[in-house]
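Novice: What follows is each chain in one-letter form.
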Amino acid sequence: MADSGDAGPAPGVTIGGLGPSFVAPLPISMPPASVRPIVPASSCHPRVASPAPLPIARAGGRAGGRARRVVCAALMVLGAGCGGSGGISAGRADAGGTIVVALAADVRNLLPAYAISTQDQMVADLMFDRLADPGDSLNTVGDRGFLPRLAERWSWSADSLSITFHLDPRARWHDGVPVRATDVRFTYRLFTDTTAAVPAASQLAAIDSVTTPDSLTATFWFKHRYPEQFFDATYQMHICPEHLLRGIPTSALLASAFSKHPVGDGQFRFASWTPGSALELVADTMNYRGRPKLDRVILSISPNYGAAMAKLLAGDADLFESVHPDNLSEVRRRPDLTTIPYDDPSYGFLWFNLRTAKGTRPHPLFADRDLRRALSMAIDRAAIVRNVFDTLAYVPPGPFPRGASNADPSAPALPYDTMRADRLLDSAGWRRGSDGIRRKGARELAFTLSVPTSSKTRQQIAVLIQDQLAHVGARVTVDPMEMPVLMQRLEGHDFDAVLQNWRTDGAMDDLRQTWTTDAVRHGANYGDYANPTFDALVDSALTTSDPARVHELLHRAYTILDNDAPAVWLYQPRLVAGVHRRLHHAPFRPDAWWAHLADWSVPVADRLPRDNIGLTARTTAQAQ
Amino acid sequence: MRSFVVRRLVQAVTVAAAVTTLTFVLIHLAPGDPLAGTMDDPRVAPSVRAHWRQVYGLDRPLPVQYVRFLTGVARGDLGFSVSYNEPVIAVIRRAVPNTLMLAGTALVLSFAAGILIAVIQVRREGTLTDRALGAISLGLYSLPDFWLAQVALLAFSYWLPIFPAGGTIDPVIHPYLGPAAAALDRVRHLVLPAVTLAALTAAWIARFQRAALLDVAADDYLRTARAKGLSEWTILVRHALRNALLPVITLFGLSLSAFVSGAVFVEKVFGWPGIGSVAVDAVGARDYPVIIACTIIGSILVAAGSLIADLLYMLADPRLRRAEGDADGGATSAVAGA
Chain A
2 MADSGDAGPA PGVTIGGLGP SFVAPLPISM PPASVRPIVP ASSCHPRVAS
52 PAPLPIARAG GRAGGRARRV VCAALMVLGA GCGGSGGISA GRADAGGTIV
102 VALAADVRNL LPAYAISTQD QMVADLMFDR LADPGDSLNT VGDRGFLPRL
152 AERWSWSADS LSITFHLDPR ARWHDGVPVR ATDVRFTYRL FTDTTAAVPA
202 ASQLAAIDSV TTPDSLTATF WFKHRYPEQF FDATYQMHIC PEHLLRGIPT
252 SALLASAFSK HPVGDGQFRF ASWTPGSALE LVADTMNYRG RPKLDRVILS
302 ISPNYGAAMA KLLAGDADLF ESVHPDNLSE VRRRPDLTTI PYDDPSYGFL
352 WFNLRTAKGT RPHPLFADRD LRRALSMAID RAAIVRNVFD TLAYVPPGPF
402 PRGASNADPS APALPYDTMR ADRLLDSAGW RRGSDGIRRK GARELAFTLS
452 VPTSSKTRQQ IAVLIQDQLA HVGARVTVDP MEMPVLMQRL EGHDFDAVLQ
502 NWRTDGAMDD LRQTWTTDAV RHGANYGDYA NPTFDALVDS ALTTSDPARV
552 HELLHRAYTI LDNDAPAVWL YQPRLVAGVH RRLHHAPFRP DAWWAHLADW
602 SVPVADRLPR DNIGLTARTT AQAQ
Chain B
515 MRSFVVRRLV QAVTVAAAVT TLTFVLIHLA PGDPLAGTMD DPRVAPSVRA
565 HWRQVYGLDR PLPVQYVRFL TGVARGDLGF SVSYNEPVIA VIRRAVPNTL
615 MLAGTALVLS FAAGILIAVI QVRREGTLTD RALGAISLGL YSLPDFWLAQ
665 VALLAFSYWL PIFPAGGTID PVIHPYLGPA AAALDRVRHL VLPAVTLAAL
715 TAAWIARFQR AALLDVAADD YLRTARAKGL SEWTILVRHA LRNALLPVIT
765 LFGLSLSAFV SGAVFVEKVF GWPGIGSVAV DAVGARDYPV IIACTIIGSI
815 LVAAGSLIAD LLYMLADPRL RRAEGDADGG ATSAVAGA
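Protein chains in written order, with our numbering: chain A, 2 to 625; chain B, 515 to 852.
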C-alpha cells in the first residue's frame with residue numbers, strides 16, 4: 002500500500018525527511034457544475050489560437066442532433082460487420098461509451114518525452130503512467146496527496162536524499178511486457194541525455210541518478226534536499242518502455258515508428274492516428290489499475306476554434322475544453338450540452354523589459370523602477386478583468402495561479418492609484434506636454450506593447466492598457482505580431498513591453514525559472530529582472546523544509562517583486578468546457594481536465610449509436 | 515507534339531527552381547524561427563532550443579542551409595517538418611490526395627455547372643431566366659470564399675444539420691464501416707466544401723462561357739444548321755458549344771492550380787486537411803521545409819495545369835494540331851536534310 006498522504010503511511014514503510022512534514026497547500030476550490038457565470042466574458046487561453054466568436058444564431062439543435070444520430074445509425078447499418086452487437090465490453094457491467102473531444106489544434110507528437118503542448122500532454126497522460134500522480138490537491142511539496150500509479154508504494158531514506166519506488170508487479174506495457182525498474186532508469190537517462198534535448202530535462206537537474214536494486218525497485222538519488230523532490234521524480238516523467246526505445250538513437254526518436262504508434266501502460270492504449278484529422282485511444286481492458294469505464298476516446302482535430310465549436314454544437318463532439326464566452330449562451334441553450342468552469346493554471350501579465358540590446362544596456366524607460374511602479378499603479382487590473390473576462394478570471398496578486406504551491410494570496414500588490422502614479426511620475430521628472438504626453442528632457446514616455454495575434458484576449462487587454470496609461474501621460478503603441486516573431490523578440494530581449502501568459506505546473510520551481518537572475522540566461526526571464534535579494538529568498542524557499550518558513554520566505558520575495566514591479570500581474574483565466582450531458586464526468590483538475598477520464602461513463606439508457614460500437618469492432622474491421 | 519511537351523517540361527522545371535529559391539530566401543528573411551513558437555513554455559531551457567536549432571541546421575548560414583536543402587531535394591528528401599515531427603514527404607503525401615480530391619471534385623462540378631448555366635442563359639437569352647441566372651452568378655462571383663464557406667457550414671451543419679461540420683471522415687465510426695458506407699461517409703464530408711468551392715468558380719465560368727457562346731451565336735454555320743431544321747438545343751450544344759468551349763478549355767487547365775491554392779480558406783473552415791491548410795499552418799509556424807515543399811507543389815501544379823490546358827486546346831482544335839505537326843515535320847525534314 003502506498004503512502005497516499007491522507008491515509009497516513011502504510012505499515013512497514015519508512016517515511017522520513019521531507020515526506021510527511023509538509024502541509025499541502027489548500028486544494029483548489031472548484032465550483033460545482035451547477036454554478037454558472039452570470040454574464041459570459043472573453044476568456045484567454047494560449048492553447049486556443051484566435052478564438053474568434055462564431056456567428057451563431059438560434060437554431061433547432063434538437064432536431065439536428067436527432068437527424069445526425071439517424072444518419073450515423075444508417076451508416077452503421079450500411080457498414081455491416083460494424084460490431085453493433087459488440088456493445089458493452091467484458092470486464093465491467095457499466096463499461097462502454099465513446100467520448101469525442103474536439104481539439105482546436107493538432108496533436109503533433111506522441112512521445113511523452115517531447116509532449117509540450119496541451120494536446121500532446123493529454124495524449125501522454127492517457128497512454129502513459131507516471132510513478133505517482135499529484136492528485137486533485139496538486140500539491141508539489143513532499144509526497145502528501147500523491148496517488149500511486151506505477152509505483153504502488155515508496156519510501157524515503159532517513160536523510161531524504163533518496164526515494165525508493167516499489168513498482169506494481171501487475172503493471173504491463175500494452176504489448177504485454179511487464180513494466181520494470183529498468184524502464185524507470187531508462188526513462189530518467191533518456192530525459193537527461195543532452196543529445197535527446199528533452200524539454201523537461203532542466204526539471205530533473207537535482208536528481209543525481211536512478212538505480213535499480215531489483216526488477217521492481219527503482220531508487221532516485223538526489224544531489225540535495227528540497228521540497229519538490231518527490232514531484233520532480235514523479236510528475237516530470239512519463240515512464241517509457243526501454244525494450245522498445247533502447248535501440249533507437251536519440252536523434253531518430255521523433256521520426257521513429259514508436260512516435261507514430263506508441264506503446265504505453267496507461268488505462269487507454271493507442272488505436273490510430275491521422276494527423277490533422279483524429280486520434281483514437283481505446284480502453285486497456287487488462288490494465289493493472291482497472292479497465293476504464295469508457296471504451297474509446299477520440300480526439301477530433303480541427304484547424305481552429307470555430308471549427309471545433311461547430312463540431313460541439315453540431316453534435317459531432319462531446320466535449321470542447323475551452324468555450325469562448327461569446328459562445329457560452331449558445332452552448333447553454335442546447336438541452337444536450339452543459340458547461341463546466343474550471344481554473345486555468347496560468348497567469349497573464351504585462352512584462353517590462355529592463356534591459357535592451359540583447360541585455361547589454363538598461364532600457365531607456367523601464368530600467369527606472371519608479372517609472373515601472375507608476376505605470377503599474379495606473380493600470381486598473383480589476384476593471385480589465387471585468388471588461389475582458391467578466392467573472393471568468395481572477396486578478397492574481399503575483400506570478401502564480403491560485404492553488405499553485407508557490408501561491409501566496411496575501412502577497413502585496415501595488416494599488417490602482419492614478420493620483421499616486423501622477424505624483425511619482427512628476428517627481429521622477431516626467432512632465433506633461435501640451436499633447437498630454439509626458440517627457441523627460443527629449444525622451445517621450447512612449448513605448449511599444451507587443452501582443453500575439455493568436456490571442457484576441459490579449460489584444461483586447463492591450464487596448465485597455467493603452468487607454469489607461471494615456472490618462473497618466475504615456476503613449477502606448479500596440480504592436481500585434483505572430484507568435485514565432487514574438488518569441489524571437491523575447492528570446493532576443495528585443496522588446497519594450499509585452500503581454501505574456503505563462504502556463505505553470507503549479508510547482509514552486511516555476512518562480513526560479515521565470516523571475517530569478519539565473520533565468521535570464523538559462524530560463525525564461527526575458528525581461529532581465531535581476532535582484533540578488535529576491536534570488537536568495539527564492540533559493541531559500543526552494544530548499545527549506547518548513548512550510549511556515551517557506552511561506553514567509555515567499556511572502557518576502559513577492560514583496561520585493563511588488564516593490565520592483567518588473568511586471569503587472571493581470572489575470573488568471575477560468576475556462577469553461579462544453580460537455581454533452583449524457584457523460585457522467587469526474588471533477589475537472591485544473592492542470593489536466595482529463596486526469597480522471599477513465600472514471601467517466603455513459604449510462605446505458607443514454608447511449609448514442611457511437612457509444613455502442615464497442616471494442617471488438619476495430620479488430621473485426623481490421624481483419625476485413 | 516513531343517517537342518512541345520519537352521519544351522514545356524523544361525520551362526516548368528526552370529520556373530519551379532526559380533520560385534523555390536526565391537521562396538527559400540524570402541521565408542528565411544522573415545522574422546521568427548520555427549522553434550520559438552513551438553516552445554512557448556518557460557520550463558524549456560534556451561539550451562534545449564539551441565540544441566534543436568543545431569539539429570535542424572537552423573544555426574547554419576543561409577547559403578549552407580540552401581545547399582543542404584538542394585542536396586536533399588536531389589535525393590528526394592524534402593527535409594524534416596519541425597511542427598509535424600515527421601519527414602516532409604509524409605506530410606505532403608497525406609495532404610495532397612485530400613486537396614486533389616476536393617479540388618478535383620470542385621473543378622468538375624464548377625465546369626459542369628458553369629457550362630450548363632451558360633447554355634441555359636443563352637437558350638433563354640433576354641428572358642427573366644437569363645437575367646436571374648446572370649444576377650445569381652454575379653452575386654456568387656462577388657462573394658469571398660471564406661465567407662461563403664462559413665455560411666455554408668452554419669446553414670447546412672448547424673441550422674439544417676444535413677452535412678458534417680468538418681473533416682474528411684467521421685472519426686468515430688469510419689474505421690468500422692464497410693466499403694460502401696465508408697465511401698458514402700467520405701462523400702458526405704466532401705459535399706459542403708466541394709460545392710462551396712465550386713459555386714464561386716461556376717459563376718465565373720458561366721459568365722465566361724455565356725460570353726463565348728454569344729460570340730459564336732451569329733456565325734454562318736449556325737445559320738446553316740438552323741436552316742437544316744435542327745432544334746435550338748441541338749444547335750447550341752452540338753455546334754455552338756463545341757466552338758465556344760475552346761477558351762473555357764484553357765481555363766480548365768489553369769484552374770487546377772487556382773483551385774488548389776484557392777482551397778486554402780475552404781480547407782481551414784471545413785477542417786479539410788489538405789495542402790492549403792498545411793501551407794498556411796507551416797507559414798504560421800515558420801516550418802521552412804514544409805513551406806518550400808508546398809511551393810514546389812504549387813509550381814508543379816501551375817506548370818502541369820498550363821500544359822494540360824495547352825494539350826486540351828490542341829486536342830479540341832484541329833488547326834492547332836496541324837500547325838504543331840507542321841512545325842515538328844519541318845524540324846524533322848531539316849534534320850533529315852542535314
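To be clear, the hints were calculated from the coordinates, so they are not data collected in a lab.
In this text, all values refer to a predicted model and were calculated from it rather than measured experimentally.
Don't take every hint at face value.
[Said to hold, decoys possible] What the simulated footprint calls covered on chain B by chain A, stretch by stretch (three residues with Cβ under 8 Å from a Cβ of chain A suffice, anywhere in the stretch; the number is not a length):
hint, region
1, 678-684
2, 687-700
3, 795-804
By construction, the Cβ of each residue, glycine as well, lies at the ideal position given by its N, Cα and C atoms.
Novice: All hints are to be evaluated individually against the structure, with a verdict given for each.
Specialist: Tested hints:
{"no.": "1", "hint": "678-684", "in the structure": "holds (count 7)"}
{"no.": "2", "hint": "687-700", "in the structure": "holds (count 10)"}
{"no.": "3", "hint": "795-804", "in the structure": "holds (count 4)"}
In summary, this structure violates none of the numbered hints.
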